[in-house]
Amino acid sequence: MAKVKINDVEIEVAPGTNMIDAAQQAGVEIPHYCYHPHLSIAGNCRMCTVETETPRGPVLEIACNMQARDGLAIRTDGDRVKQVRKSVMEFLLVNHPLDCPICDQSGECRLQDYYMDHARHDSRGVEAKVSKHKRQDIGEQILLDAERCVQCSRCVRFGDEVTHTGELRLMNRGDHTEIGMFPGERLNHDYQGNLADICPVGALTAKDFRFERRVWYLKETDGVCTGCSTGCNISVCHQEGEVFRYLPRRNDEVNKSWMCDPGRLRHHEVGGLERLLKARVNGQPGDGVAAAAASIKAVGAPKVALVLGTRASNEANWALAQLGKALGARLYWVAGNDAGAIEKSDGFLMDADKNPNTLGCRLLAEQSGAGDAEALKAALPELAVVLALEDDLVTRLGQAIPGLVALAAKESPTTKAAAVVIPVAHPVEMDCTYTNKQGRVQRNRRATNPLGDAAPAYAVVDRLAAALGKSLGTQMPVVTFLALSRAVPRMNGLDYKSLGPGGKLLAPAPAAALGGEAK
Amino acid sequence: MEDTFWIDFAVVVGRCVFAVAFVMNIVPLLIWGERKGAAYIQDRPGPNRAPLPLPHPLDTPKVLFQLLFGQSPKFKPYVMVRAAGLVHTLNDVVKLAFKEDIAPGHVEKFYWFIAPVIAMTIALCTFAVVPFGDSFLGYNLQVSSMDGGLLFVLAMTSLGVYGIMLAGWSSNNRFSLLGGLRSSAQMVSYELAMGLSAVVVFLSAGSVSLAEISQQQAGPIWNWNVFSPFGALAFILFWVSAFAETNRTPFDLPEGEAELVAGYHTEYSSFRFALFFMAEYANMIVAAAVTATLFFGGYNVPFITGQMLREHADLLVMLAGFGAVPAFLTFAVIAIKRQSRPFYQSIPKDDPRQREPLFFASVWGGAAVAHLGLGLLGALGMISGPLGVEINGTHLGPEVVAFVAQLTALSVKVLIGCWIFIWVRWTLPRFRYDQLMNLGWRYMLPLSLANVFGAAAWIIVKQALFA
Amino acid sequence: MPLPKPQKTLSFAESSYLVEVIKGMVLTMGHLVKNIIDQDRFRTVEYPDVRKPMTARYRGAHRLTVRPDGHVKCVACMCCPTVCPAKCITIIAGEDPSDPAEKFPVEFDIDMLRCIYCGFCVEACPKDAIRMDTKIYEINAYTRQDMVHNKSYMINLMDGLKPEAEDVYRHDPAAAPAGYTSDEEPVA
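Line order of the protein sequences matches chains W, U and A. Each residue of the first sequence is one higher than the last, beginning at 0 in numbering that gives the first Met the number 0. Each residue of the second sequence is one higher than the last, beginning at 0 in numbering that gives the first Met the number 0. Each residue of the third sequence is one higher than the last, beginning at 0 in numbering that gives the first Met the number 0.
Isolated chain W, as found in the complex (with noise of 0.2 angstroms):
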C-alpha cells in the first residue's frame, strides 16, 4: 500500500490509484470535468489542478494524471489552486450559453455545481459569445449542443475505447471548437444512453428524458436491470411513483459506469399499455388467488405444476418451491426467452439470455429437484394446472399449456392464454435479489409502490399458500431471503445487509460447476 498525503491527511490506497479517486476516498472532493474511472486520462480540462510537494517547493499539477505512489502529498484547498479553479470555470464559462433554464443537465451539472463552489465570479465578457451548432439530432438516444459543450472529449473517448465505434470527434480550432461528426454520420451503436451519462454539461441529453422532469425533483433508489442475465446496476430515478429514467449505477465487477439503450429504455414498461394491473379469471376480472387456490384444490396436487420463473426474483422462486414442497406439487423450471425479447449478445453488456434470474433459477429448481422443458413437456398431458411464475411459458415450450395460471407484472401469450392471471409487481415496485450470469446475487430495492392490484411475487405466492391452507411466511422478502440463503449451500452466509450495493457472488460450486458460470 502505498502512504500518500491529501491536504496534511495521511491515507493508505494501493499504489497507482488515480489521486482523484484516492482524495475521494480521504473525503476530499477533487472537482473535474474530463477525467472518468472507466475512460483514458485526457488531462484536458485542468479543474483538478492540486498542488504537490516536490524537493523545488509546490507545483501545480492535475490530479487526474498523477497515481498515487509512497510519499505523495497534495494540496487541494491552497489558495493558488482556488485561483487556478476559478479561472478554469471562467475560461469555461465565456462560451457557454445561459440555457440553464431549458437545459436537462441543469440540477446535475458540473458547471452549475462547480461555479457555485469554486467560480462566484461575475462575468467580465464584453465580446459577444461563439454560438454553434445547436438542438443536433446526433442519434436514435442523443441530441448534442454544441454551444454547452466544455471540449473535455469524454465522449470522444466512450466512443474510442468503449464502443470503439469512434463518431464524435472534436473539430475545428481554438473557441470554435466544437463537438460534431462527419457529415451523415448518425451514432450506431447500443450504448448511446452512456454519452448524456458521461457528458458533465448539457451537450449531450438525452431524448428519452428530454423535458420529462427536472433532475432535482428525482428520488434515486439502487436497483438491478432485469433486461438481461447481466445484471448491470441501476439507479430507478422516480418521483411520486412515476419512474422517469434509468441511469447506469458504477460497479466496476458488472457494468462498470455504462448500461445498455434497450436497458434504459425499459423504464417505459413499469407504468406501460403492456401492465397487468388487475386481476383476470377467465377473461372476466375476479379475485385470481382465490380463484387458483380453488382449481389447485379441485384437481389436486400430483396434478399440479408449479413452474419457477427465471425472471422472477430468488424470494419469488424460494416461495413457490415451498408451496411445492408443502403441497406435493410437481415443480419444473424452463429456460428460454420471453416473446418479443430481442436476443442481441456483443459480448459486452447485452447477453442473449434476456432473464435476469436464470441463474438463480436454475439453482433453486437443481435444489428443489425441479424437472426441466422437456421433462415438463412430457408430463403436460397429465397436468391439469400449470403456474407459470413472470415467464411466458407459452412462447417457451411453443405449445399450448391446460390450466394456466400466470403471475405475471405484464401482458404475453401466456397471460393471454392463461386461465387465472394474477398481476405481480414490476422489479422497481419490489425488494428482491437477482443472481446474475456471473453468479453474482445483487440487490434489487423498492423504488415505488406496486400499481393497480399488484403486489410482489413472494408475497403473491405467500397469499396463494394461505388460500390453499399452508403458512410460507414470505411476504417479507428480508425473512424470505434469510430462510433461502440457509437452505441453498452456495448462498450460506449472505444476507440483506452484507450483500451491500455491488452485490456477493455464490460461493462455488462443490462439484460439477454450472454451465451459465463458466462465461
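Everything labelled a hint here was simulated from the structure, so no lab data went into it. Misleading hints may appear alongside valid ones.
Quick partial rundown of chain A residues pointing at chain U, CB under 10 angstroms, derived from the structure [said to hold, decoys possible]: (1) Val20; (2) Lys33; (3) Asn34; (4) Gln38; (5) Arg42; (6) Thr43; (7) Asp48.
Label pairs and their computed distance ranges (CB to CB) [to be verified]: (8) U:Lys61 x A:Asp127: 52 to 62 angstroms; (9) A:Cys117 x U:Leu66: 58 to 68 angstroms; (10) A:Glu122 x W:Gln82: 27 to 37 angstroms; (11) U:Gln41 x W:Asp121: 48 to 58 angstroms; (12) A:Leu26 x U:Ala257: 19 to 29 angstroms; (13) W:Gly271 x A:Glu122: 31 to 41 angstroms; (14) W:Gly240 x U:Gln41: 46 to 56 angstroms; (15) A:Tyr116 x U:Lys98: 29 to 39 angstroms; (16) W:Gly282 x A:Tyr116: 48 to 58 angstroms.
Cβ atoms here follow ideal geometry from the backbone N, Cα and C, with glycine treated the same way.
We have chain W already, so just place chains U and A on it with the hints.
Coordinates of chains U and A only, in the frame set by chain W:
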C-alpha cells in the same frame, strides 16, 4: 256598565300595546346607535351600505305624468336610501327571522326553548309600571298603576336572571354554563346595591309607586331626586348596578366572547338569538326608563308641569313648530352639501344612490314645511280652540299636546340613558371576575348601606327642623 | 420567589374608577363629535365604489408575459414550482421545434386557492415570464376548478383593464428606475 267595560278593556289593551311598541321601536334604533356610535368613536364610518329603494318625492309628478299617458318611466323612478346605516337593522331583522333555527342535539330542549322567551318577556314586563305621562283624558298612562311599582321592578330584574341562567344551563356546554353562572352571581351581587339605592328614593318620596314618585318630581329640575342630598350617590350606585343587571360592558362577563365563545347564548341561532339580543336592549331601555323615573323626573318636562302644558298648549305647539323649522332647514342644507363628498364623485352618474342627498333634503324640507304648519296652528290658537274636540268635558287638543310633550321628555331621558350605556361600552374594557365581585360586595354594598342610613338620618333631621 | 411589586399604587380617585371612567368617556366622546362634524376624517375606503390606488410593489394575480413574437416568455424551467412554498404551480413542459427557445409550457396552472401570494415565483423566474403586477386582488370563482388559473387566462389577464392596473411606468418612462424594461414593447 257595558260601555264602560269595553272602554276600559280598550284602554288596558291600548296601554299594553303602547308600552311594548315603545320599547320595541327603540330597540332597532339602539342597535343602530350602538353600531354607528362604536364606529364613530373608533374613527370609522360604520354601517352605511345596505340600501332601501324608495320612490323619490320629487319624482312623483314626472312618474304620474308618464303613467297617465301610458309611458313606461324613462329613468329609474327610485332612489337608493341608505339612511346612515339604519337600513342594516331592517336587514338584520329579515336575516334573523329567516335563518335556520338550529337546536343542537345535546341541549335540554324544554328549558332551552323557553329561556329566550323568559328573557324577552321579563324585559318587557318591567316596563309595565313605568308611567309615560301623568294622564290622558283622565286615564293613567301606566300599564299597571300598582302601588308597589318599584318593588315590581326589583322583582322583575331578579327574575330576568332566569332567562340567562336557563339558557346557560340547558345549552349543556361548559362555556354557556360558565356564562350563566357568572350572570347569576353578578346579578345577585348587584341587586343588593340596586335595591338599597332605590330605598333612598322611597324614603324621600314616602312611596314605592312610580307614578307618585314621578308626580313628586314635577316642576323645576331641583325637584328631581338626583339633586336631593344622598340622591346623587344613590343615582350613581343605581346606575352602576343597572349596568351589571343588564349585562352591559364593563360587566358583560356572561358573554365574555374572549373566554366563553359567546357565553350563555353560544348555542342559539336565528330568532332565538335575536330574542336574547333584543332582550338586552329592552333591558337597557327599561333600566334607563326606571332610572329616569326615579332620579330624573320621569315624564316631567323640566320646569313645566302637566297643568302648564295643558294651559299653554297653543304657545307650546307654536314654539315647537317654528323652532323646528330652522333646524330642519339646516339638515336639508347639510344633506345637499353631502352631494360633493368624494363617495358621490366616485360612483357612476346613473347610480340610484346619487340622488340620495336630494332625497334627504326633500324629506327634511318637507318636515320643515310640516312644522311650519304646526307652528301656524299653534299661533292661530287652533289647538285649544276650533280643533279641540271636547270629550267628557276635556279638550282633546291640550291633552294630546301634554301627552306628546311628556312622552318626548321621557323618550329623551331614556335615549340619553341608553346612549350612556353605549358610550360606556365603547370606552371601558371588561372587568375581571374578581374585580367585579370586589366592587359589588366590598365597595358598592357598604356604600349603599351607608347612603340609606344617611338618607334616613337626613329625613329625620329635616322633619325635626321644618315640621 | 418574592412576588413582583405592583408598579404603581393607585390614588383614591383612581381606585374609585369614577374619575378615570369619566376621563375615558370624554376622550371617546371627543372622537365621536369630531367624526360627526367632519366625516372626511375617516381613513376607511368605501371599497366596491372607491378603490385604493395600489402601489407598484403590490402582489396581485399572476400573469404570464409574452415575447414580441407572441410566444409566451416562459420556458418551463420549473424554477417557480420548485421555489413555491405552497406547491400551487403545475407546469407540463413541451418542445416547440419552431421556436429557438426549444422548451415551452404546454400547461401552466396556478391553483389560486393554494397560492399564498409570496411572490417567490416572480423572484425565481429567470425569464421575467411570470409577474404579479396586475394589481388584481379580486380573485374569486364559483368552483374550485375555476380558481385554477391556466396559461391562456394568465396571458390574457391584462386585456381590457383600467389604466391604473397597467404597467405603471409605461406612460412615464422617465420615472422608471434604472434597468426597468417595459413589457409592452412594440412588436417588431
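We went through each hint and held it up to the structure:
1. Val20: The hint holds - Val20 of chain A has a Cβ within 10 angstroms of chain U, the shortest such distance being about 6 angstroms.
2. Lys33: Holds, about 9 angstroms.
3. Asn34: Holds - the Cβ of Asn34 of chain A comes within 10 angstroms of chain U, reaching about 4 angstroms at its closest.
4. Gln38: holds (7 angstroms)
5. Arg42: holds (7 angstroms)
6. Thr43: holds (5 angstroms)
7. Asp48: holds (5 angstroms)
8. U:Lys61 x A:Asp127: 52 to 62 angstroms: holds (58 angstroms)
9. A:Cys117 x U:Leu66: 58 to 68 angstroms: holds (60 angstroms)
10. A:Glu122 x W:Gln82: 27 to 37 angstroms: Holds: the Cβ-Cβ distance is about 32 angstroms, inside 27 to 37 angstroms.
11. U:Gln41 x W:Asp121: 48 to 58 angstroms: holds (54 angstroms)
12. A:Leu26 x U:Ala257: 19 to 29 angstroms: holds (23 angstroms)
13. W:Gly271 x A:Glu122: 31 to 41 angstroms: holds (39 angstroms)
14. W:Gly240 x U:Gln41: 46 to 56 angstroms: With a Cβ separation near 55 angstroms, Gly240 of chain W and Gln41 of chain U satisfy 46 to 56 angstroms, so the hint holds.
15. A:Tyr116 x U:Lys98: 29 to 39 angstroms: holds (34 angstroms)
16. W:Gly282 x A:Tyr116: 48 to 58 angstroms: Distance hint for Gly282 of chain W, Tyr116 of chain A holds at roughly 54 angstroms.
When the structure is compared with the earlier hints, no violation turns up for any of them.
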